[in-house]
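Chemist: Below, each chain spelled out in residue letters.
2 protein chains.
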Amino acid sequence: MIADKMKDCVKNNSVIRQMFEEGKKLEELYGKENVYDFSLGNPSIPAPKKVNEAIKEIIDTEDSLVVHGYMNNAGFEDVREAISNSINKRFSTNFNKNNIIMTVGAASGLNIIFKSILNPSDEVIVFAPYFMEYNNYIKGYDGNVVVISPNTQNFAPNLDEFKQKITEKTKAVLINTPNNPTGVIYSEETIKQISKILEDKQKEYNHEIFLISDEPYRELAYDGETVPYITKYYNNAFVVYSYSKSLSLPGERIGYVVVPNEMEDSNNIITAITIANRIIGCVNAPSLMQKVIMKCIDEKTDLETYDTNRKLLYNALTSYGFECVKPQGAFYIFLKTPISDDKEFCAQAKKFNLLLVPGSSFACSGYVRIAYCVSEEMLKKSLEAFKKLAKVYFKI
Amino acid sequence: MIADKMKDCVKNNSVIRQMFEEGKKLEELYGKENVYDFSLGNPSIPAPKKVNEAIKEIIDTEDSLVVHGYMNNAGFEDVREAISNSINKRFSTNFNKNNIIMTVGAASGLNIIFKSILNPSDEVIVFAPYFMEYNNYIKGYDGNVVVISPNTQNFAPNLDEFKQKITEKTKAVLINTPNNPTGVIYSEETIKQISKILEDKQKEYNHEIFLISDEPYRELAYDGETVPYITKYYNNAFVVYSYSKSLSLPGERIGYVVVPNEMEDSNNIITAITIANRIIGCVNAPSLMQKVIMKCIDEKTDLETYDTNRKLLYNALTSYGFECVKPQGAFYIFLKTPISDDKEFCAQAKKFNLLLVPGSSFACSGYVRIAYCVSEEMLKKSLEAFKKLAKVYFKI
Numbered sequence: 000m001i002a003d004k005m006k007d008c009v010k011n012n013s014v015i016r017q018m019f020e021e022g023k024k025l026e027e028l029y030g031k032e033n034v035y036d037f038s039l040g041n042p043s044i045p046a047p048k049k050v051n052e053a054i055k056e057i058i059d060t061e062d063s064l065v066v067h068g069y070m071n072n073a074g075f076e077d078v079r080e081a082i083s084n085s086i087n088k089r090f091s092t093n094f095n096k097n098n099i100i101m102t103v104g105a106a107s108g109l110n111i112i113f114k115s116i117l118n119p120s121d122e123v124i125v126f127a128p129y130f131m132e133y134n135n136y137i138k139g140y141d142g143n144v145v146v147i148s149p150n151t152q153n154f155a156p157n158l159d160e161f162k163q164k165i166t167e168k169t170k171a172v173l174i175n176t177p178n179n180p181t182g183v184i185y186s187e188e189t190i191k192q193i194s195k196i197l198e199d200k201q202k203e204y205n206h207e208i209f210l211i212s213d214e215p216y217r218e219l220a221y222d223g224e225t226v227p228y229i230t231k232y233y234n235n236a237f238v239v240y241s242y243s244k245s246l247s248l249p250g251e252r253i254g255y256v257v258v259p260n261e262m263e264d265s266n267n268i269i270t271a272i273t274i275a276n277r278i279i280g281c282v283n284a285p286s287l288m289q290k291v292i293m294k295c296i297d298e299k300t301d302l303e304t305y306d307t308n309r310k311l312l313y314n315a316l317t318s319y320g321f322e323c324v325k326p327q328g329a330f331y332i333f334l335k336t337p338i339s340d341d342k343e344f345c346a347q348a349k350k351f352n353l354l355l356v357p358g359s360s361f362a363c364s365g366y367v368r369i370a371y372c373v374s375e376e377m378l379k380k381s382l383e384a385f386k387k388l389a390k391v392y393f394k395i
Numbered sequence: 000m001i002a003d004k005m006k007d008c009v010k011n012n013s014v015i016r017q018m019f020e021e022g023k024k025l026e027e028l029y030g031k032e033n034v035y036d037f038s039l040g041n042p043s044i045p046a047p048k049k050v051n052e053a054i055k056e057i058i059d060t061e062d063s064l065v066v067h068g069y070m071n072n073a074g075f076e077d078v079r080e081a082i083s084n085s086i087n088k089r090f091s092t093n094f095n096k097n098n099i100i101m102t103v104g105a106a107s108g109l110n111i112i113f114k115s116i117l118n119p120s121d122e123v124i125v126f127a128p129y130f131m132e133y134n135n136y137i138k139g140y141d142g143n144v145v146v147i148s149p150n151t152q153n154f155a156p157n158l159d160e161f162k163q164k165i166t167e168k169t170k171a172v173l174i175n176t177p178n179n180p181t182g183v184i185y186s187e188e189t190i191k192q193i194s195k196i197l198e199d200k201q202k203e204y205n206h207e208i209f210l211i212s213d214e215p216y217r218e219l220a221y222d223g224e225t226v227p228y229i230t231k232y233y234n235n236a237f238v239v240y241s242y243s244k245s246l247s248l249p250g251e252r253i254g255y256v257v258v259p260n261e262m263e264d265s266n267n268i269i270t271a272i273t274i275a276n277r278i279i280g281c282v283n284a285p286s287l288m289q290k291v292i293m294k295c296i297d298e299k300t301d302l303e304t305y306d307t308n309r310k311l312l313y314n315a316l317t318s319y320g321f322e323c324v325k326p327q328g329a330f331y332i333f334l335k336t337p338i339s340d341d342k343e344f345c346a347q348a349k350k351f352n353l354l355l356v357p358g359s360s361f362a363c364s365g366y367v368r369i370a371y372c373v374s375e376e377m378l379k380k381s382l383e384a385f386k387k388l389a390k391v392y393f394k395i
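In the order they appear, the protein sequences are chains V and X. All residue numbers for the first sequence refer to numbering that gives the first Met the number 0, where the first residue is 0 and numbers rise by one. All residue numbers for the second sequence refer to numbering that gives the first Met the number 0, where the first residue is 0 and numbers rise by one.
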């Protein structure tokens, strides 16, 4: 009854449900306040006040037929204009409204790009560890995923292997910085190196290779770190953005794709992406939220709260003997497990009511992801549990 | 650079853009108030007041992290519960929250169904005239569209041809009632006949054939007409609903899919559809709007205004000599063109500043679609232009 392509997804789903139900069971047994759920990448900071103010202002003052109505499939022109101006101001770029396509979050942004560019058997390169939901997006348009193995020294991309794995079939390279699950930010030098490699390979194979940057965590960078804007380093580059984390609006499904004029055949690509937005069923990004974004263009999330959690957790975990690369962005710590079996380690952690995600779910076993987008109070309470977990493996 | 599958879409797009630009040119030449645009199926009635009141109430009283946050990919449980209760009350069905999956409008509802059930070369049957965007949804998952030719006598489905065209490969049948573009509502007798034919063919081929009902116009039924609820007549039936027309929220992208327990393998189908919602990039239906729907569950659009337009236009057009089947629902009149070339007729109409859509865009040449979701004032003003158009062909 179910499409063949979907059968594995449906089968795997029961595993996720099982994890979820085990978590629920723990909560029932020990009380919700005594279970430390670090498994979800869901913002713990509410949307800025200005968001709800903007909603009220819009519905009180603007024409309901416009606010809740259809517009061009790429989004309201004034919203796209405001976003392009904001990007230009922040990153010294030169975009206009035509370069911005509003999307139902970053996930649909990636889908409409892949739908627009992939032919069957085209290859898309990703760097492990990575958000494995990308596989579903790429396979949805019959593309093949090519995984570059993790560079566990600092989780910068493994560029030697990257160079070797680019083939005639490589259509795109997908990066995610600040990274889920490592929290690492790719340096300007790294972006330059990736760009140089791709420039050379484009010449070698005599066709374009796209660089796609998935950037839901762009605004979550700590210690004054900056995230290079890739269109300044490489012409055939897409930026995929979401307000899920930057404005804590994950459920509202609002984001955009940037297609620069410098991209080869950019006009047709923009048309293709806009049509794909329509025919995958999104039609357009939610209308009221588009207008909210325009009014909240300079709003920021409360970065300091995440940063406090980051420091607290990093310092505690390393003091207990755990090893990890210090995260520079996002809200994840990717911890090396003291035993090679990360699933076994997660099972052990659960005995102390700690819910973590095994690194093998990000194509990098021997690690676990800890999502510290939780309340500071919960995080502080959890440290005792992490300490007990450490004692299983280390003498402390 | 562009995926092969997308190339035709991009090429055709220039034709649509051309039409749009010609319309703009007319407006510049004659003034917007003197151009009668009947080409768009966009509600002309604002959302009920309760919608904006509900928005304010929700953001004033509910937790921002919940209102704007992630939830189960199928949607908020209380919203789905409320919708299932409302359907049960209105149509004497027996659904619960598990039978409802919230979607980014009806378009994504159809996409996630096709993604969940279609294997390459599976056939989906549609009845002409029909909304040809369906082709993109079906082909997106490598399905083939099988078109049943129009029954121009009353635009009920041509059941003899239907019976003949069902094959081993038929995976689904897609109906749309009240219909875009004809405004016709399929009678209970018709639904019973379709169901009987499908029951027999399921036995003959020994596999399930799904009946999918696309129902964005369900609430737009005039003269006390009712729209049969298909799950009561056929077990393997999906209902795809949208609030675009019923609450005038087309830009907000909010709707749902109903999967009844009576469907074969319903649990796995529900899981597949929920996963498809996630992996096509929607993730979930916009969160605030889900909550708005719950508070507006018994709200209705101002049907009378559309009905006034329907009667005015139908009476005027037939009095001028035009022929058409009287529409019972939606907000369209499907007019027989006095000449066989419907594109030529549209070009002629444009000379009187009337913008219509040729029936060939709905797989039914020799007709034009007139979308009367316009202001009554504009409609009244336009009648003189329709009269002039009639005089080209008829002695009146």
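A few of these clues could be false.
Across the chosen pairs, the derived CB separations fall in these ranges [unchecked claim]:
hint, chain 1, residue 1, chain 2, residue 2, range
1, V, Asn97, X, Asp340, 46 to 54 Å
2, X, Asn93, V, Val65, 35 to 43 Å
3, V, Glu80, X, Asn93, 48 to 56 Å
4, V, Gly30, X, Glu61, 30 to 38 Å
5, X, Glu76, V, Lys299, 30 to 38 Å
6, V, Lys299, X, Glu261, 33 to 41 Å
7, V, Asn150, X, Asn71, 20 to 28 Å
8, X, Asp199, V, Glu56, 27 to 35 Å
9, X, Glu261, V, Asp306, 26 to 34 Å
10, X, Lys386, V, Asn93, 15 to 23 Å
Treat the hints as calculated values from the structure; they're not laboratory data. Small disclaimer: the values here were computed from a predicted structure and weren't measured. Think of the CB as a built atom: it goes at the ideal place given N, C-alpha and C, for glycine as much as any other residue.
Chemist: Decide, hint by hint, whether the structure agrees.
Modeler: Here is how each hint holds up against the structure:
In this structure the supplied range 46 to 54 Å is violated for Asn97 (chain V) paired with Asp340 (chain X), their Cβ-Cβ distance being about 36 Å. Restraint check, Asn93 (chain X) to Val65 (chain V): a C-beta distance of roughly 40 Å satisfies the suggested window 35 to 43 Å. Our hint of 48 to 56 Å for Glu80 (chain V) and Asn93 (chain X) holds, since their Cβ atoms are close to 50 Å apart. Our hint of 30 to 38 Å for Gly30 (chain V) and Glu61 (chain X) is violated, since their Cβ atoms are close to 24 Å apart.
Distance hint check for Glu76 (chain X) and Lys299 (chain V): the Cβ-Cβ separation is about 32 Å, which falls inside the suggested range of 30 to 38 Å. Our hint of 33 to 41 Å for Lys299 (chain V) and Glu261 (chain X) is violated, since their Cβ atoms are close to 50 Å apart. Distance hint check for Asn150 (chain V) and Asn71 (chain X): the Cβ-Cβ separation is about 36 Å, which falls outside the suggested range of 20 to 28 Å. For the hinted restraint 27 to 35 Å between Asp199 (chain X) and Glu56 (chain V), the CB-CB distance of approximately 58 Å leaves it violated.
Remark: the range hint 26 to 34 Å for Glu261 (chain X) to Asp306 (chain V) is contradicted by a beta-carbon distance near 53 Å. Restraint check, Lys386 (chain X) to Asn93 (chain V): a C-beta distance of roughly 52 Å breaks the suggested window 15 to 23 Å.
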